[in-house]
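Undergrad: Given only the sequences and the hints, what does the whole structure look like? Please build it.
Protein chains: 4
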Amino acid sequence: MANQILNVAVIGCGRIGRIHAENLALRIPCARLVATADVTINAAKEVAAQLHVARATGEYRELLADPAIDAVAICSSTDTHSRIIQEAAAAGKHIFCEKPIDYDLTRIRAALAAVEKAKVKLQIGFNRRFDPSFARVRELVAAGAVGQPHVIRITSRDPGPPPLEYIKVSGGIFLDMTIHDFDMVRFLSGSEAEDVYAIGDALVDPAIRDAGDVDTAVVTMRLKNGALATIDNSRKAVYGYDQRVEVFGSKGSVAAGNRTPDAHVLSDAAGVHEARPLHFFLERYAEAYVIEIRAFVEAVLKDQPPPASGLDGLQPVIMGLAATRSLREGRPVKLAEVA
Amino acid sequence: MANQILNVAVIGCGRIGRIHAENLALRIPCARLVATADVTINAAKEVAAQLHVARATGEYRELLADPAIDAVAICSSTDTHSRIIQEAAAAGKHIFCEKPIDYDLTRIRAALAAVEKAKVKLQIGFNRRFDPSFARVRELVAAGAVGQPHVIRITSRDPGPPPLEYIKVSGGIFLDMTIHDFDMVRFLSGSEAEDVYAIGDALVDPAIRDAGDVDTAVVTMRLKNGALATIDNSRKAVYGYDQRVEVFGSKGSVAAGNRTPDAHVLSDAAGVHEARPLHFFLERYAEAYVIEIRAFVEAVLKDQPPPASGLDGLQPVIMGLAATRSLREGRPVKLAEVA
Amino acid sequence: MANQILNVAVIGCGRIGRIHAENLALRIPCARLVATADVTINAAKEVAAQLHVARATGEYRELLADPAIDAVAICSSTDTHSRIIQEAAAAGKHIFCEKPIDYDLTRIRAALAAVEKAKVKLQIGFNRRFDPSFARVRELVAAGAVGQPHVIRITSRDPGPPPLEYIKVSGGIFLDMTIHDFDMVRFLSGSEAEDVYAIGDALVDPAIRDAGDVDTAVVTMRLKNGALATIDNSRKAVYGYDQRVEVFGSKGSVAAGNRTPDAHVLSDAAGVHEARPLHFFLERYAEAYVIEIRAFVEAVLKDQPPPASGLDGLQPVIMGLAATRSLREGRPVKLAEVA
Amino acid sequence: MANQILNVAVIGCGRIGRIHAENLALRIPCARLVATADVTINAAKEVAAQLHVARATGEYRELLADPAIDAVAICSSTDTHSRIIQEAAAAGKHIFCEKPIDYDLTRIRAALAAVEKAKVKLQIGFNRRFDPSFARVRELVAAGAVGQPHVIRITSRDPGPPPLEYIKVSGGIFLDMTIHDFDMVRFLSGSEAEDVYAIGDALVDPAIRDAGDVDTAVVTMRLKNGALATIDNSRKAVYGYDQRVEVFGSKGSVAAGNRTPDAHVLSDAAGVHEARPLHFFLERYAEAYVIEIRAFVEAVLKDQPPPASGLDGLQPVIMGLAATRSLREGRPVKLAEVA
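Chains as they are written, first to last, in the numbering used here: chain A, 773 to 1111; chain B, 773 to 1111; chain C, 773 to 1111; chain D, 773 to 1111.
Please keep in mind that the hints were generated in silico from the structure rather than gathered at the bench. Take these hints with a grain of salt, some might be off.
Which copy? The list can't say, so a pair holds if one copy fits it or any two copies do.
Claimed, not checked - In the PhoX-like style, the derived pairs of lysine-lysine whose C-alpha atoms are separated by at most 25 Å in a straight line are:
id, residue 1, residue 2
1, 996, 1023
2, 1074, 940
3, 1008, 1023
TA: Written as structure tokens, this is what we have:
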């Protein structure tokens, strides 16, 4: 890092791995994508070829062994995250890891301990924190523009449910989908949750109920700073990806709404019509993904704490576990009960 | 009513009584305001004089005894509502009564039974149902524009808390303020609630906590039709009266936001600035009050069911009692527990 | 006026006369509607009966002769305005007169001279000045919020053309319709126009061309304070009454858009949909009409200059005449050429 | 092009040349950036190095002589455009050329003739046509969503004036800045202009007047299809780049407003506040530049007409010359007078 260029390898070349690879290769001047890895070696090779990257491998441990590599972006399947974090930390690599670290608190804590011990940087991929709108909301809240936060309100709806096979292994809606909103509650309020209450049902597709999950949910929380929070989720908003937040406080309110692919307004005899929100996360958070990985690279190069830490990776999982239990038991659940 | 003009007397000439009196006198061609009553006779006389009404009295029972009077609008203090309803029903008068009928379910049921027995019309003053924006939302939901409702979301914030003396006798935030939002949930969803969970705190003013109440709350509900609902309340939004609703369903979402006193947009070096929402209910619901009382007059003249019935008066009180118990006991409460 | 109540008679009980009569009778506490007049005496009587007014006449001169009447609102046909102004002034009555005073500058000047000589108040009915949105724009401009005005931009479109018979006697689009926008340019900029250039065509209905008029026009102006102005007009916007203004200046821009009957937003698979603007001037300017006539009453009672003076009545007619000549001759026309 | 990859060289590596180079290198899979040229060879080398491009030269003619190069993007200074177009056409290269081709109609026509003769593709860099909002407006107009166009309305304001030295050689506001809006009028309406009338002044900076130019202007046009158009320009909008269009027609209106860097809305005691528009063209049209150059590449590869042709390059210059003469002579000028 003498020359202030960070050499990064991407581990896992699926959809999200490709995004980070492309951003590292093309849009972050102070980073260099030096290698790709994927259990399917052809996926690694394809990404490398497209991005003029010399090295591609089916065995990520080769990359961990290479002293020329400063950092890794872990984009492999969730069940491998905690293990690769530990191995990468042991190898002295700085780590960007996609969310969630794991669904199991013991494995998460083992990973965080390894990072702690190795004194490497760890950033978790909570991309929404880097969305310019949500970041601006946080900035205004932190600057005191709305005073003391009283109510956090989040609406988060996907355009359509994932395949049923995915849902079955997803850990449930609260660990798979709401986890982003749990992170938002912490990020926007600057506070931890005290307890969680969740209601939900399979209103979109009864097969989701048969799979033991829900597709529509409302979660409320009491936060340690006194504020109240409410999240509503749906797996299917026919009009597109609906991602809105609001922080209401003693001096006002700051909200952020959806973004649209274009700004046209059509007025005709039937009414006034505008574009639907950007379709899904790839479109909505395209810019956030660039800002996120740049923030990681800069945190490493400047030896500063990354903006979404290991603790930030742990807490939303605890909240998700509490919400899962709340839904099952029909009562509010304290985080301390599941942590 | 041979000539299709309804002769109405207003009982109670405080702030809300004056609004109904003025609307009846000036804006409803098929109604005639024929008398006013108030325990403070001068209040009754003042309103009568302003509106060219011949009769004003300190004793409302005189009006109930007058066969020339077809209907009464009960705008006196809440503790008198159920009694006057019973007396007016016994006298064969049609009744418009401000919300709530009472905080006591036995008294409410006695009033409804008297109305039932006398076969007179009863409409409860849930003014928000007549707000053109919320009415349009309901109309679209009823027409199937959003398909099956999945989530009802309501934000309802006052510009400032009422006097502490008022709060002490108000029945608590859920019976005083959220009661309107409970009505909205029923109105917009077309469904009853199954259970209620409430969290809340005195974040605006600790004196409200000392008075045994909260000023900030989040309430969630499961509805009998399967939908989920969430309401967030605050006694103090420094930017004005914040009244927003959304119904999200299988085919889309319909929402209604705030209205502003004017439509200016100022763009300068600091940003883009617009007007704050209309200050409070008198401004925001001015039009709704006219439409509401006209609907009552027309329901009587056409012998149709009024648009906010006795049952509509009862149910939100049950929801408020359930929310009150939920807050106290820290658990979801079924409506059947308190009904 | 010792008791600070202004006794007003309305002359002319057509559509606009009824609006002023109703507002004077019901919504302006410091005014009393004491009489109505109309060449069709039944029209006068009908309005009087509805509003509990004792006196109605077919002969307005009777009212001018009555010393108990302080002021008149002239709402008769345009060709009678200048004559009645002169008679009312001679009788010492304060005068509210609907726009335009006349299409003939000599007759306008004679009317203004009579007002001047009699030292009575004269207010011209430029209702848009009292629209809360446009008034707020002016207020911000006058307060320097946008600095020195550089460009005034007005869009003004009716929902549909008036009957062809009306168009034939209307004086043409610039004197009938654009006259309001000319007033807005003066009101918003605080400046007079130097010259006018107009282009236009009958794009809505060829019969309007046959009647010697246009239905679509764009007018540009250079103002004496250096600002530039542009107005676009259409007789037919299928989505409703489109009334927007913008003042752009050295420190920013302030604009005001349309108002809608309700604030709903429907999001579905086809897009995001909102309500159309309020249909036409009766709906859009309902509030402005109340504020306008109240301003007249208060100006008289407080002996202050009315907010839309005789000069304000004269200048837009000059601008309309210049635009008419510009369209005919295909060149910019200085106001001095027609004044 | 057998393999359907277009080999492109960029000539001119200033601000706009770098944008096209980067987009060609990174974001257009079916294009390959194979060389850069700039009279300052180091500029060419720097861009080449950043983008992994092997070849950089100070002499663009070398590239024209290379048969491996299929197309060139001409981003050099305006005075070189027409000459390089002719040389590139003679060399059989397809051509993307930044606007304007030239300020001199004879030179433009010579360039177009050379292109015609060589049967190569020529696309002019009218980037706004590719802005998703404006493209959507055009799409809806072309689909008949607003019926027959009646009025085209464009507001186009820069955040600040360019250096005075630039203004002196810019050809004047109408050829430098309004030229984009002239293109928009043609693009959105699908029609040519008949005549132009322009008013303007130096309201932002008197030094601009001294340089023989204006900084604030309003231009109106009559179009051959009967529609009317109005453009208002300013060199300085303190709130940022203001780029709005509207097409109003017999069946409605479609408009496109500004885009913002984020979607936050802050409500506080002072009002409701949002972000200012994106600062300037690099931010606002970032996406448009990608779409634009991709459209050129695809037009060549598929042997289709490029979406902004040589004629599209010629006509706005004629409109700019007519506007310039109109401002000088104070009268509407027919395009035929200057063409």
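Undergrad: Each hint needs a verdict: does it hold in this structure or not?
TA: Do the hints match the structure? See the list:
1. 996 <-> 1023: within (20 Å within a copy, 37 Å between copies)
2. 1074 <-> 940: neither (41 Å within a copy, 45 Å between copies)
3. 1008 <-> 1023: between (34 Å within a copy, 9 Å between copies)
Hint 2 from the list above is the single one not met by this structure.
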